[in-house]
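> Protein chains in written order, with the numbering used here: chain A, 1 to 265; chain B, 1 to 272; chain C, 1 to 211.
Bear in mind the hints are in silico, worked out from the structure with no lab data behind them. One should not assume that every hint holds.
What the hints assert, rightly or not - Straight-line Cα separation of at most 30 Å, DSBU-like style, residue types lysine-lysine; simulated pairs:
{"hint": "1", "chain 1": "A", "residue 1": "Lys167", "chain 2": "C", "residue 2": "Lys166"}
{"hint": "2", "chain 1": "A", "residue 1": "Lys263", "chain 2": "C", "residue 2": "Lys46"}
{"hint": "3", "chain 1": "C", "residue 1": "Lys166", "chain 2": "C", "residue 2": "Lys96"}
{"hint": "4", "chain 1": "C", "residue 1": "Lys93", "chain 2": "A", "residue 2": "Lys167"}
{"hint": "5", "chain 1": "A", "residue 1": "Lys171", "chain 2": "C", "residue 2": "Lys117"}
{"hint": "6", "chain 1": "C", "residue 1": "Lys166", "chain 2": "C", "residue 2": "Lys46"}
{"hint": "7", "chain 1": "C", "residue 1": "Lys117", "chain 2": "C", "residue 2": "Lys96"}
{"hint": "8", "chain 1": "C", "residue 1": "Lys166", "chain 2": "C", "residue 2": "Lys117"}
{"hint": "9", "chain 1": "C", "residue 1": "Lys46", "chain 2": "A", "residue 2": "Lys171"}
{"hint": "10", "chain 1": "A", "residue 1": "Lys167", "chain 2": "C", "residue 2": "Lys46"}
{"hint": "11", "chain 1": "C", "residue 1": "Lys96", "chain 2": "A", "residue 2": "Lys167"}
{"hint": "12", "chain 1": "A", "residue 1": "Lys171", "chain 2": "C", "residue 2": "Lys166"}
{"hint": "13", "chain 1": "C", "residue 1": "Lys96", "chain 2": "A", "residue 2": "Lys171"}
{"hint": "14", "chain 1": "C", "residue 1": "Lys166", "chain 2": "A", "residue 2": "Lys263"}
{"hint": "15", "chain 1": "C", "residue 1": "Lys117", "chain 2": "A", "residue 2": "Lys167"}
{"hint": "16", "chain 1": "C", "residue 1": "Lys93", "chain 2": "A", "residue 2": "Lys263"}
Chain residues, written in single-letter form:
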Amino acid sequence: MNHQPRLLAAGYAGVLCLLVALLLSSRFWLGDTPLHMQFEARLMPPSASHWLGTDALGRELWARTLAGLSLSFWVGLSAALLGTLIALSLASLAMLSSTLDALVSLLIDTLLSVPHLILLLLIAFALGGGTQAVIIAVALTHWPSLARVLRAELLSVRHAPYVAISKGFGKRQGFIVWHHLLPHLLPHCLVGALLLFPHAILHEAALTFLGVGLDPSQPAIGVLLADAMRYLTGGYWWLGVFPGLGLLLMVLAIERFAALLRKAL
Amino acid sequence: MLHIDRLILQLPHYPHWWRQEWTTCIDALSLHIAPGEVHAVVGASGAGKSLLAAAIMGLLPSAARLEGALHFQATPLTPARQRQLRGRQLALIPQSLSALDPLARSRQQVRWAAQRAGLGRPAAQQRADELLAHYQLSHAATHYPHELSGGMARRVLIAMAQVSNAQLVIADEPSVGLDPTQRDRVLAKLKAIAREGKAVMLITHDLRHALPVADRVTVMYQGRGIETATAQAFRGQGEQLTSPYARSLWQALPDNAFSTQPSVLCQEPAFA
Amino acid sequence: MLEAHQLSFRFASGSPLLTNISLRLAPGEWLGLSGDSGAGKSTLGKLLAGQLAPHQGSVTIDGSLLPARGVRPVQWLPQSPELAVNPRWRVGKILKEAWTPPDTLIEGFGIEPQWLKRFPNALSGGELQRVCVLRALAPGVRYVVADEISTMLDPITQLSLWQALKAHAERHQLGVIVISHDTALLNRLCNQRWHLAGGSLRVSSTELEAP
Numbered sequence: 001m002n003h004q005p006r007l008l009a010a011g012y013a014g015v016l017c018l019l020v021a022l023l024l025s026s027r028f029w030l031g032d033t034p035l036h037m038q039f040e041a042r043l044m045p046p047s048a049s050h051w052l053g054t055d056a057l058g059r060e061l062w063a064r065t066l067a068g069l070s071l072s073f074w075v076g077l078s079a080a081l082l083g084t085l086i087a088l089s090l091a092s093l094a095m096l097s098s099t100l101d102a103l104v105s106l107l108i109d110t111l112l113s114v115p116h117l118i119l120l121l122l123i124a125f126a127l128g129g130g131t132q133a134v135i136i137a138v139a140l141t142h143w144p145s146l147a148r149v150l151r152a153e154l155l156s157v158r159h160a161p162y163v164a165i166s167k168g169f170g171k172r173q174g175f176i177v178w179h180h181l182l183p184h185l186l187p188h189c190l191v192g193a194l195l196l197f198p199h200a201i202l203h204e205a206a207l208t209f210l211g212v213g214l215d216p217s218q219p220a221i222g223v224l225l226a227d228a229m230r231y232l233t234g235g236y237w238w239l240g241v242f243p244g245l246g247l248l249l250m251v252l253a254i255e256r257f258a259a260l261l262r263k264a265l
Numbered sequence: 001m002l003h004i005d006r007l008i009l010q011l012p013h014y015p016h017w018w019r020q021e022w023t024t025c026i027d028a029l030s031l032h033i034a035p036g037e038v039h040a041v042v043g044a045s046g047a048g049k050s051l052l053a054a055a056i057m058g059l060l061p062s063a064a065r066l067e068g069a070l071h072f073q074a075t076p077l078t079p080a081r082q083r084q085l086r087g088r089q090l091a092l093i094p095q096s097l098s099a100l101d102p103l104a105r106s107r108q109q110v111r112w113a114a115q116r117a118g119l120g121r122p123a124a125q126q127r128a129d130e131l132l133a134h135y136q137l138s139h140a141a142t143h144y145p146h147e148l149s150g151g152m153a154r155r156v157l158i159a160m161a162q163v164s165n166a167q168l169v170i171a172d173e174p175s176v177g178l179d180p181t182q183r184d185r186v187l188a189k190l191k192a193i194a195r196e197g198k199a200v201m202l203i204t205h206d207l208r209h210a211l212p213v214a215d216r217v218t219v220m221y222q223g224r225g226i227e228t229a230t231a232q233a234f235r236g237q238g239e240q241l242t243s244p245y246a247r248s249l250w251q252a253l254p255d256n257a258f259s260t261q262p263s264v265l266c267q268e269p270a271f272a
Numbered sequence: 001m002l003e004a005h006q007l008s009f010r011f012a013s014g015s016p017l018l019t020n021i022s023l024r025l026a027p028g029e030w031l032g033l034s035g036d037s038g039a040g041k042s043t044l045g046k047l048l049a050g051q052l053a054p055h056q057g058s059v060t061i062d063g064s065l066l067p068a069r070g071v072r073p074v075q076w077l078p079q080s081p082e083l084a085v086n087p088r089w090r091v092g093k094i095l096k097e098a099w100t101p102p103d104t105l106i107e108g109f110g111i112e113p114q115w116l117k118r119f120p121n122a123l124s125g126g127e128l129q130r131v132c133v134l135r136a137l138a139p140g141v142r143y144v145v146a147d148e149i150s151t152m153l154d155p156i157t158q159l160s161l162w163q164a165l166k167a168h169a170e171r172h173q174l175g176v177i178v179i180s181h182d183t184a185l186l187n188r189l190c191n192q193r194w195h196l197a198g199g200s201l202r203v204s205s206t207e208l209e210a211p
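Put together the whole structure using the sequences plus the hints.
This is the structure in structure tokens:
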């Protein structure tokens with residue numbers, strides 16, 4: 001019974017790995033296809049020669065979507081890892097003293113009470129846009145919920161009898177943190193990072209769409225969607241549908257995987 | 001009332017992610033419980049006692065493999081019948097106190113149990129209040145589960161089992177975590193339920209405190225029913241007990257010999 | 001000699017739980033502690049083991065205070081072994097966190113070698129409790145506080161656990177404090193019997209049996 005999610009998660013992980021490998025290798029075999037303009041084939045609908053159609057400059061949409069997803073993947077991954085790192089550090093910091101704990105809790109609650117898209121925009125804008133700014137902005141706004149979980153976990157393990165017993169055997173604080181506390185947090189961090197991941201991707205796309213994110217010359221999903229907006233009224237549906245669908249699928253796949261993993265661990 | 005005949009229960013387990021094996025958790029167990037009787041099922045942890053309760057209630061994991069015969073009031077207990085009788089004719093007092101709805105007050109919990117048994121709302125409310133008074137819980141009627149002590153929560157669960165008017169009440173380790181006063185109170189309540197003509201199955205590892213309330217005792221070891229004896233058979237040196245395992249269980253008690261032949265500890269007891 | 005001098009302990013709310021408790025336990029002696037729930041038995045056990053600090057008074061061994069670091073000479077054994085071990089560690093690692101017991105002792109506690117490769121959730125409560133007791137008998141440990149360690153066990157498992165501990169305690173002159181509701185058990189095991197009520201100790205039984 002309770003082994004079923006494990007198997008399912010393993011299967012899912014396999015499929016996901018294949019897709020990720022496809023995405024990550026795309027930058028090598030795509031070459032400059034995403035940027036290559038064909039003025040004789042502008043705004044072509046999907047067909048056998050143009051699989052997902054072309055945009056206003058005659059660029060292949062399938063290549064641009066793939067490149068955009070790959071870019072989003074990297075940005076999302078970096079932001080999720082950075083966010084997890086911030087969450088872990090602050091949760092650990094909160095363990096040191098009750099004052100620090102109160103401060104961290106206050107910070108978490110404050111950040112959670114602010115709509116984070118606004119915060120995201122402000123930070124990305126202040127940092128001047130670009131890939132780095134997006135990563136930092138997403139990481140800085142997405143750590144609180146994970147930090148809250150990690151803090152609660154740390155609190156419960158720290159008072160577990162086996163930690164008290166470990167101390168009774170003369171084990172130092174460092175040993176206890178390294179051997180008892182951190183291994184307990186690792187699965188939570190993993191799942192937390194995976195759950196942050198789709199959020200980070202979506203917000204990267206949103207920021208780019210709003211113009212404070214990635215450089216418009218890069219084939220990012222947000223850029224593609226912003227472009228598509230301009231042509232939507234002309235009936236060029238494929239410009240928006242395919243990048244949007246690609247983003248949706250990637251986010252869903254990761255989200256599902258994270259949910260399964262949480263059940264399995 | 002309840003007849004279990006050569007019941008075999010197997011559960012799958014996975015030594016690796018892919019390989020499935022079957023563990024026999026209950027092995028050819030036969031058990032009969034009559035109305036008006038407290039029947040204790042005693043054994044070490046891992047002997048399959050709680051799984052037996054789950055098998056009777058129809059609460060086993062779906063992957064479980066069940067063989068043998070289960071009869072309740074002379075009719076086979078099919079999954080459909082178990083679903084229908086659960087909470088009405090069959091009641092379980094679970095081991096875990098988290099079985100109480102954390103968002104409901106005591107009198108609500110008991111009232112709901114009464115309503116599930118078919119009483120109308122006003123009648124159910126009245127019955128719930130009567131029972132709470134009977135179990136000395138009137139002052140706790142408006143408490144939520146987290147405000148109850150272990151003994152009080154256990155009594156709420158027993159009240160729920162009683163209000164459902166179940167003919168068979170299964171209590172899974174009802175005395176764990178209670179101090180002696182509370183434990184005696186809870187066991188006395190179970191005995192009182194049996195006196196009303198219901199059948200009570202008392203699952204416990206605590207042989208000594210089960211004996212004063214039990215009429216008969218079934219000793220389980222590694223999924224097998226080693227011996228069923230009357231509670232009176234547990235006395236003296238245990239001469240009236242037929243199996244060595246049951247005898248050493250009795251002699252190991254601190255008020256008895258507090259010793260046992262070392263051979264019995266290691267060797268698997270003969271199948272009675 | 002383990003001695004408690006005038007121990008007092010209060011709840012965070014300020015109401016007293018234990019007041020002026022003193023007791024003495026010689027090496028090799030068994031002390032039984034009974035009392036109603038909430039009387040403070042477990043708290044007293046934790047105070048003696050240095051898991052908690054008293055608000056007043058002190059605990060000494062041969063006249064000196066419990067050492068702040070290193071292996072505590074008074075070890076604490078809680079009721080549920082499941083909480084006393086890290087669920088992510090294999091049993092072998094759990095045991096070795098404290099010390100590496102000789103094989104004869106592992107055998108003497110009825111611990112089978114293949115358990116050491118398993119995770120705690122694959123062991124029954126009685127099996128795990130034996131591991132926890134053996135773990136607490138590390139070199140340098142001179143007293144053990146056993147807080148209801150056999151309550152969850154069937155009579156045979158309970159007996160074998162106490163027999164193993166008894167044999168070891170005799171050989172190494174280990175002092176044992178047994179906290180339990182079970183007066184028959186305490187009468188069997190202990191040569192000193194105390195009852196905790198209203199925050200202070202009373203001699204509990206006149207019929208002290210030789211262990």
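> Each of the hints needs a verdict: does it hold here or not?
Evaluated hints:
1. At roughly 25 Å between alpha-carbon atoms, Lys167 of chain A and Lys166 of chain C fall within 30 Å of each other, so this suggested pair holds.
2. Only pairs whose Cα atoms come within 30 Å are accepted, and Lys263 of chain A paired with Lys46 of chain C is rejected, the gap being roughly 37 Å.
3. Taking the CA atoms of Lys166 of chain C and Lys96 of chain C, the gap is near 22 Å; set against the 30 Å cutoff, the hint holds.
4. Of the supplied pair hints, the one linking Lys93 of chain C and Lys167 of chain A holds, its CA atoms being roughly 16 Å apart against a limit of 30 Å.
5. Of the pairs offered as hints, the one joining Lys171 of chain A and Lys117 of chain C holds, with about 23 Å between alpha carbons and a cut-off of 30 Å not exceeded.
6. A hinted pair counts as satisfied when its Cα atoms are at most 30 Å apart, and Lys166 of chain C with Lys46 of chain C qualifies at roughly 21 Å.
7. For the proposed pair Lys117 of chain C and Lys96 of chain C, the alpha carbon gap of about 12 Å is at most 30 Å, so the pair holds.
8. At most 30 Å may separate the alpha-carbon atoms for a hinted pair to count; Lys166 of chain C and Lys117 of chain C meet this at roughly 27 Å.
9. A C-alpha spacing of about 18 Å is found between Lys46 of chain C and Lys171 of chain A, which places the hinted pair at or below 30 Å, so the restraint holds.
10. Between Lys167 of chain A and Lys46 of chain C the alpha-carbon distance is near 13 Å, which keeps this suggested pair within the 30 Å criterion.
11. About 14 Å separates the Cα atoms of Lys96 of chain C and Lys167 of chain A, which keeps this hinted pair within 30 Å; it holds.
12. For the suggested pair Lys171 of chain A and Lys166 of chain C, the alpha carbons sit about 27 Å apart, so the restraint of at most 30 Å is met.
13. As the CA atoms of Lys96 of chain C and Lys171 of chain A are separated by approximately 12 Å, the hinted pair is consistent with the 30 Å bound.
14. Between Lys166 of chain C and Lys263 of chain A, the direct Cα distance comes to roughly 44 Å. Violation of the 30 Å bound is thereby established for this hinted pair.
15. Distance restraint check for Lys117 of chain C and Lys167 of chain A: the Cα-Cα separation of roughly 24 Å lies within the 30 Å cut-off, and the hinted pair is therefore satisfied.
16. Distance hint between Lys93 of chain C and Lys263 of chain A is fulfilled; the C-alpha atoms sit about 26 Å from each other, no more than 30 Å.
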